[in-house]
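2 protein chains.
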Amino acid sequence: MTAFKELMAFQHRTEALAQVAGRLGWDQETMMARGSAAQRAEETAAMQSVLHARRTDPRLGEWLAAIEDGVLDPVGQAQMRHIRKSYARALKVPADLAEEIARVTSRSQGQWAEARAAEDVAAFLPVLEEVVRLKRLEGQALADGGDVYDAMIDDYEPEMTAAELQAMFEAMRPRLVALRGAVLEKAPAPKLAGNFPEAAQMEMARKLAEAFGYDLNMGRIDKAVHPFSSGSGHDVRITTRTNPADPFNCFYSTIHEVGHACYEQGIDDAYALTPLGQGVSMGVHESQSRIYENQLGRSRAFTGWLFGQMQDAFGDLGVGDADAFYKAVNAVHRDYIRTEADEVQYNLHIMLRFDLERALMGGDLQVGDLEAAWNDRFEADFGYAVDKPSHGVLQDVHWSVGLFGYFPTYSLGNVYAGCLHEALRRDVSGLEADLAKGETGAATSWLRENVQRHGGLKTPAQTIADASGVTPSPEPLLAYLEEKFGALYAL
Amino acid sequence: MTAFKELMAFQHRTEALAQVAGRLGWDQETMMARGSAAQRAEETAAMQSVLHARRTDPRLGEWLAAIEDGVLDPVGQAQMRHIRKSYARALKVPADLAEEIARVTSRSQGQWAEARAAEDVAAFLPVLEEVVRLKRLEGQALADGGDVYDAMIDDYEPEMTAAELQAMFEAMRPRLVALRGAVLEKAPAPKLAGNFPEAAQMEMARKLAEAFGYDLNMGRIDKAVHPFSSGSGHDVRITTRTNPADPFNCFYSTIHEVGHACYEQGIDDAYALTPLGQGVSMGVHESQSRIYENQLGRSRAFTGWLFGQMQDAFGDLGVGDADAFYKAVNAVHRDYIRTEADEVQYNLHIMLRFDLERALMGGDLQVGDLEAAWNDRFEADFGYAVDKPSHGVLQDVHWSVGLFGYFPTYSLGNVYAGCLHEALRRDVSGLEADLAKGETGAATSWLRENVQRHGGLKTPAQTIADASGVTPSPEPLLAYLEEKFGALYAL
Numbered sequence: 265m266t267a268f269k270e271l272m273a274f275q276h277r278t279e280a281l282a283q284v285a286g287r288l289g290w291d292q293e294t295m296m297a298r299g300s301a302a303q304r305a306e307e308t309a310a311m312q313s314v315l316h317a318r319r320t321d322p323r324l325g326e327w328l329a330a331i332e333d334g335v336l337d338p339v340g341q342a343q344m345r346h347i348r349k350s351y352a353r354a355l356k357v358p359a360d361l362a363e364e365i366a367r368v369t370s371r372s373q374g375q376w377a378e379a380r381a382a383e384d385v386a387a388f389l390p391v392l393e394e395v396v397r398l399k400r401l402e403g404q405a406l407a408d409g410g411d412v413y414d415a416m417i418d419d420y421e422p423e424m425t426a427a428e429l430q431a432m433f434e435a436m437r438p439r440l441v442a443l444r445g446a447v448l449e450k451a452p453a454p455k456l457a458g459n460f461p462e463a464a465q466m467e468m469a470r471k472l473a474e475a476f477g478y479d480l481n482m483g484r485i486d487k488a489v490h491p492f493s494s495g496s497g498h499d500v501r502i503t504t505r506t507n508p509a510d511p512f513n514c515f516y517s518t519i520h521e522v523g524h525a526c527y528e529q530g531i532d533d534a535y536a537l538t539p540l541g542q543g544v545s546m547g548v549h550e551s552q553s554r555i556y557e558n559q560l561g562r563s564r565a566f567t568g569w570l571f572g573q574m575q576d577a578f579g580d581l582g583v584g585d586a587d588a589f590y591k592a593v594n595a596v597h598r599d600y601i602r603t604e605a606d607e608v609q610y611n612l613h614i615m616l617r618f619d620l621e622r623a624l625m626g627g628d629l630q631v632g633d634l635e636a637a638w639n640d641r642f643e644a645d646f647g648y649a650v651d652k653p654s655h656g657v658l659q660d661v662h663w664s665v666g667l668f669g670y671f672p673t674y675s676l677g678n679v680y681a682g683c684l685h686e687a688l689r690r691d692v693s694g695l696e697a698d699l700a701k702g703e704t705g706a707a708t709s710w711l712r713e714n715v716q717r718h719g720g721l722k723t724p725a726q727t728i729a730d731a732s733g734v735t736p737s738p739e740p741l742l743a744y745l746e747e748k749f750g751a752l753y754a755l
Numbered sequence: 265m266t267a268f269k270e271l272m273a274f275q276h277r278t279e280a281l282a283q284v285a286g287r288l289g290w291d292q293e294t295m296m297a298r299g300s301a302a303q304r305a306e307e308t309a310a311m312q313s314v315l316h317a318r319r320t321d322p323r324l325g326e327w328l329a330a331i332e333d334g335v336l337d338p339v340g341q342a343q344m345r346h347i348r349k350s351y352a353r354a355l356k357v358p359a360d361l362a363e364e365i366a367r368v369t370s371r372s373q374g375q376w377a378e379a380r381a382a383e384d385v386a387a388f389l390p391v392l393e394e395v396v397r398l399k400r401l402e403g404q405a406l407a408d409g410g411d412v413y414d415a416m417i418d419d420y421e422p423e424m425t426a427a428e429l430q431a432m433f434e435a436m437r438p439r440l441v442a443l444r445g446a447v448l449e450k451a452p453a454p455k456l457a458g459n460f461p462e463a464a465q466m467e468m469a470r471k472l473a474e475a476f477g478y479d480l481n482m483g484r485i486d487k488a489v490h491p492f493s494s495g496s497g498h499d500v501r502i503t504t505r506t507n508p509a510d511p512f513n514c515f516y517s518t519i520h521e522v523g524h525a526c527y528e529q530g531i532d533d534a535y536a537l538t539p540l541g542q543g544v545s546m547g548v549h550e551s552q553s554r555i556y557e558n559q560l561g562r563s564r565a566f567t568g569w570l571f572g573q574m575q576d577a578f579g580d581l582g583v584g585d586a587d588a589f590y591k592a593v594n595a596v597h598r599d600y601i602r603t604e605a606d607e608v609q610y611n612l613h614i615m616l617r618f619d620l621e622r623a624l625m626g627g628d629l630q631v632g633d634l635e636a637a638w639n640d641r642f643e644a645d646f647g648y649a650v651d652k653p654s655h656g657v658l659q660d661v662h663w664s665v666g667l668f669g670y671f672p673t674y675s676l677g678n679v680y681a682g683c684l685h686e687a688l689r690r691d692v693s694g695l696e697a698d699l700a701k702g703e704t705g706a707a708t709s710w711l712r713e714n715v716q717r718h719g720g721l722k723t724p725a726q727t728i729a730d731a732s733g734v735t736p737s738p739e740p741l742l743a744y745l746e747e748k749f750g751a752l753y754a755l
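Chains as they are written, first to last, in the numbering used here: chain S, 265 to 755; chain Z, 265 to 755.
Read the hints as simulated data drawn from the structure, not as lab findings. Treat the hints with care, since some could be wrong.
Per label pair, the in silico range of CB-to-CB distance [unchecked claim]:
{"no.": "1", "chain 1": "Z", "residue 1": "Ala-386", "chain 2": "S", "residue 2": "Leu-480", "range": "33 to 39 Å"}
{"no.": "2", "chain 1": "S", "residue 1": "Asp-333", "chain 2": "Z", "residue 2": "Ser-313", "range": "25 to 31 Å"}
{"no.": "3", "chain 1": "Z", "residue 1": "Ala-386", "chain 2": "S", "residue 2": "Ala-359", "range": "56 to 62 Å"}
{"no.": "4", "chain 1": "Z", "residue 1": "Gly-733", "chain 2": "S", "residue 2": "Ala-488", "range": "49 to 55 Å"}
{"no.": "5", "chain 1": "Z", "residue 1": "Asn-507", "chain 2": "S", "residue 2": "Gly-733", "range": "58 to 64 Å"}
{"no.": "6", "chain 1": "S", "residue 1": "Glu-739", "chain 2": "Z", "residue 2": "Leu-480", "range": "53 to 59 Å"}
{"no.": "7", "chain 1": "Z", "residue 1": "Glu-332", "chain 2": "S", "residue 2": "Gly-334", "range": "53 to 59 Å"}
{"no.": "8", "chain 1": "Z", "residue 1": "Ser-313", "chain 2": "S", "residue 2": "Ala-359", "range": "19 to 25 Å"}
{"no.": "9", "chain 1": "Z", "residue 1": "Ala-729", "chain 2": "S", "residue 2": "Leu-480", "range": "50 to 56 Å"}
In this text, a Cβ means the ideal position worked out from N, Cα and C, and glycines have one as well.
All chains should be modelled from the sequences, with the hints used to inform the complete structure.
This is the structure we're talking about:
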């Protein structure tokens with residue numbers, strides 16, 4: 265037991281340092297003046313070097329050899345599972361490859377931003393080719409002879425495979441394409457019109473965050489270019505953004521990030537600063553942000569409450585009643601951009617990226633053919649052509665920073681949210697009446713009890729299966745979407 | 265040369281990590297929600313543990329043994345001087361003593377705050393006794409048989425001794441007591457009266473910061489309970505505070521912190537993230553903050569400009585003209601509090617603390633006798649009795665957190681500022697006309713060129729001697745104060 269105690273004490277320090285590194289990233293996006301970027305790069309590199317040294321520290325190998333997991337309690341065994349996996353992973357990737365990836369992706373992100381602004385795909389391809397080459401090398405190192413893309417997915421969604429995702433997506437795609445087509449034949453949804461000052465939007469964003477149980481006594485809300493949640497444990501902070509013409513962007517980004525933040529804040533305090541003290545996977549994380557945002561936040565009951573709140577805050581909203589407001593919140597538009605997509609179309613954006621990046625990593629698609637493949641697939645699923653690269657292959661930052669295997673976790677999160685939502689409706693009585701009063705406490709308590717508090721104790725799929733009582737499948741999500749949008753658009 | 269290069273690369277990382285630890289402290293005072301304090305304590309401890317391990321790393325000993333300083337250029341030799349000193353210091357203090365001091369002072373700070381709020385000296389004495397005992401042990405470890413208090417001063421003001429400070433203060437005390445007495449026999453200075461909204465104060469604070477050359481493209485200004493400057497290199501941030509009844513508190517705190525920040529931002533970029541890349545001592549640091557705040561910011565010429573700016577921002581100020589405004593800025597009051605003291609009385613507060621803490625560390629004064637000693641000395645120098653502990657021995661946080669040897673650097677900074685100011689007036693023509701237009705560029709360029717850019721290249725005293733052309737002495741400061749306040753109060 266001495267080795268286990270020493271290992272956990274070492275790990276505790278590593279987790280605390282990882283929190284500091286994360287806080288530094290938050291500071292860079294919210295507080296740091298632009299002129300200090302070069303200095304910050306040195307500070308970040310120093311923190312990463314400390315973390316890398318700890319994650320490959322030879323003492324870890326000694327402790328791991330000395331510990332017999334079987335004698336530990338289930339929590340201890342779960343801790344060991346995470347630590348053994350993380351140590352093995354750290355040793356697999358050669359240090360010079362990791363450094364080269366860091367160097368190239370730092371450069372490629374800037375080149376992507378420039379190429380996107382100039383609508384110039386060709387300017388981005390050479391560096392993307394380099395990123396793809398390096399990430400494939402990394403994937404090969406991680407895969408140990410197995411599937412390269414599976415090894416990448418495992419970084420974000422442990423135990424998940426491309427084959428499982430493919431089966432899931434094949435069940436979803438035809439039904440979502442059909443639903444989308446049917447909805448877009450109908451009259452468009454009403455639109456908000458009014459005066460939405462940014463300070464009042466931020467005021468309402470705080471109110472919404474508190475309505476969903478975000479603890480501002482431990483975190484904070486700031487503005488940033490891209491909304492995000494940052495940190496684990498108590499000090500979990502979120503960002504949002506405001507657009508004077510579109511208050512829903514601010515409000516639903518806020519609720520989404522609150523879902524992420526509440527997951528972290530909701531993990532059992534006993535797991536703080538241990539490998540169990542963080543959301544177990546990107547997919548489960550996204551299930552929390554999406555169920556807060558969509559199944560709860562965009563429900564008829566909750567939007568009824570929000571309609572009144574917004575009238576009080578902004579006066580006339582340009583929509584006649586709460587039913588029209590509900591339609592405006594859930595409007596489905598012809599559009600190109602994933603991050604602005606509604607619930608119906610969102611997953612179609614993801615499936616496109618999943619197939620393309622899987623082919624890139626498998627060597628079945630060349631970087632030079634990527635744009636054409638994107639545009640063909642988009643037209644097949646959405647029914648119209650991409651009009652410019654910033655609406656197509658250049659729209660997301662992910663590939664430029666080497667995030668391959670990450671996109672599918674967004675849709676997996678939606679699938680998980682569908683399963684959880686079905687169980688939530690079954691288990692929590694009076695939910696509609698609560699939501700109609702802006703009260704989410706019963707729903708969020710159920711999520712905390714059944715999902716959030718466990719942190720990394722179980723595998724992601726087991727976490728969802730135990731909470732929802734079913735093996736995760738896309739069926740509940742599809743049924744929910746077909747019912748909700750069938751009613752909204754009178755299909 | 266290989267050893268020197270390796271040492272500097274190692275040191276570069278350590279300095280970057282120290283910056284991160286400092287930024288974490290800034291975050292705690294300005295951004296962090298109170299409910300995350302326990303988590304932050306873990307994060308801070310993890311960073312300190314990393315820094316301690318690096319500062320006592322055995323590789324440092326090997327490099328130091330391998331390097332012959334004499335073959336290096338003067339900059340390299342100065343770097344070695346700092347690194348050898350820091351390594352020797354780190355090895356002198358036993359790790360368990362350092363940890364116990366950290367633990368006790370973290371607790372004692374809270375007890376001090378409670379005792380101050382309750383005006384209950386007795387509640388603070390037991391923990392103060394413990395702090396004094398531990399700090400004396402640390403001082404003995406550092407002193408290696410020499411004077412304990414000298415060893416403590418050396419942490420903040422390298423190469424300075426208590427005997428030198430005593431001689432300096434003995435020359436100052438009678439003249440300041442006499443000046444104070446003469447001034448307070450005269451009619452009191454006019455007072456501001458008006459409406460000073462806090463948002464408009466912050467607006468003016470930013471204007472003043474920019475007027476004094478603070479680069480907001482690299483730093484930022486936030487509100488905090490106590491004004492401070494944080495960071496080295498480019499990313500140097502300041503805080504200030506607002507009091508609707510007293511805009512001068514905000515404005516002169518801001519200018520003071522801008523002096524500290526500009527010193528750090530003004531250091532030669534070639535020294536960034538090396539031991540030379542920070543202000544060389546607390547005394548030289550305070551010389552910059554005080555010359556910005558007082559000799560420049562509270563001059564007749566600059567206050568003439570500020571009078572117009574404040575009239576534009578706030579309307580009627582309740583003082584008739586720029587001469588009356590200048591008197592209001594430089595008002596000397598009967599008061600108890602060091603941090604609110606004017607230029608005449610400030611150093612009397614410091615001398616009192618210097619004598620008491622020196623006696624505490626030398627064992628000539630017991631903690632139980634501290635309050636009586638404070639009150640006796642206060643009445644002797646100020647002419648009236650302390651009315652309550654928060655106006656007396658409980659007013660400063662320093663002793664509760666173990667800062668012994670720090671107080672005298674405040675007065676040393678004033679003495680240094682006096683020397684620099686005399687040279688500045690001699691070297692920079694047209695200064696009065698510039699300041700009357702709110703332009704400080706010629707003065708701050710002179711300070712940057714002669715003081716700031718050198719960072720830790722020379723000793724503190726040599727830094728001031730080279731810049732001012734004289735061996736540092738209190739004479740210029742005393743002559744300046746007698747002339748300024750003699751004229752202001754028609755003595």
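Is the hinted range of 25 to 31 Å satisfied by the C-beta distance from Asp-333 of chain S to Ser-313 of chain Z?
At roughly 27 Å between Cβ atoms, Ser-313 of chain Z and Asp-333 of chain S fall inside 25 to 31 Å, so the hint holds.
Mind checking the hinted window 56 to 62 Å against the Cβ distance between Ala-386 of chain Z and Ala-359 of chain S?
58 Å, holds
Holds or violated: the 33 to 39 Å window for the beta-carbon distance between Ala-386 of chain Z and Leu-480 of chain S?
38 Å, holds
For Ser-313 of chain Z and Ala-359 of chain S, compare the CB-CB distance with the range 19 to 25 Å and indicate the outcome.
23 Å, holds
Evaluate the given range 49 to 55 Å for the C-beta pair formed by Gly-733 of chain Z and Ala-488 of chain S.
Because 50 Å falls inside the window, the suggested range holds.
Determine whether the Cβ-Cβ distance between Glu-739 of chain S and Leu-480 of chain Z falls within the hinted range of 53 to 59 Å.
Holds - the Cβ-Cβ distance for Glu-739 of chain S and Leu-480 of chain Z, about 55 Å, lies within 53 to 59 Å.
State, for the Cβ atoms of Ala-729 of chain Z and Leu-480 of chain S, whether the hinted interval 50 to 56 Å holds or is violated.
53 Å, holds
Asn-507 of chain Z and Gly-733 of chain S, beta-carbon distance inside 58 to 64 Å?
59 Å, holds
Hint check for Gly-334 of chain S and Glu-332 of chain Z - Cβ pair distance inside 53 to 59 Å:
57 Å, holds
This entry satisfies every hint, going by the numbered hints stated previously.
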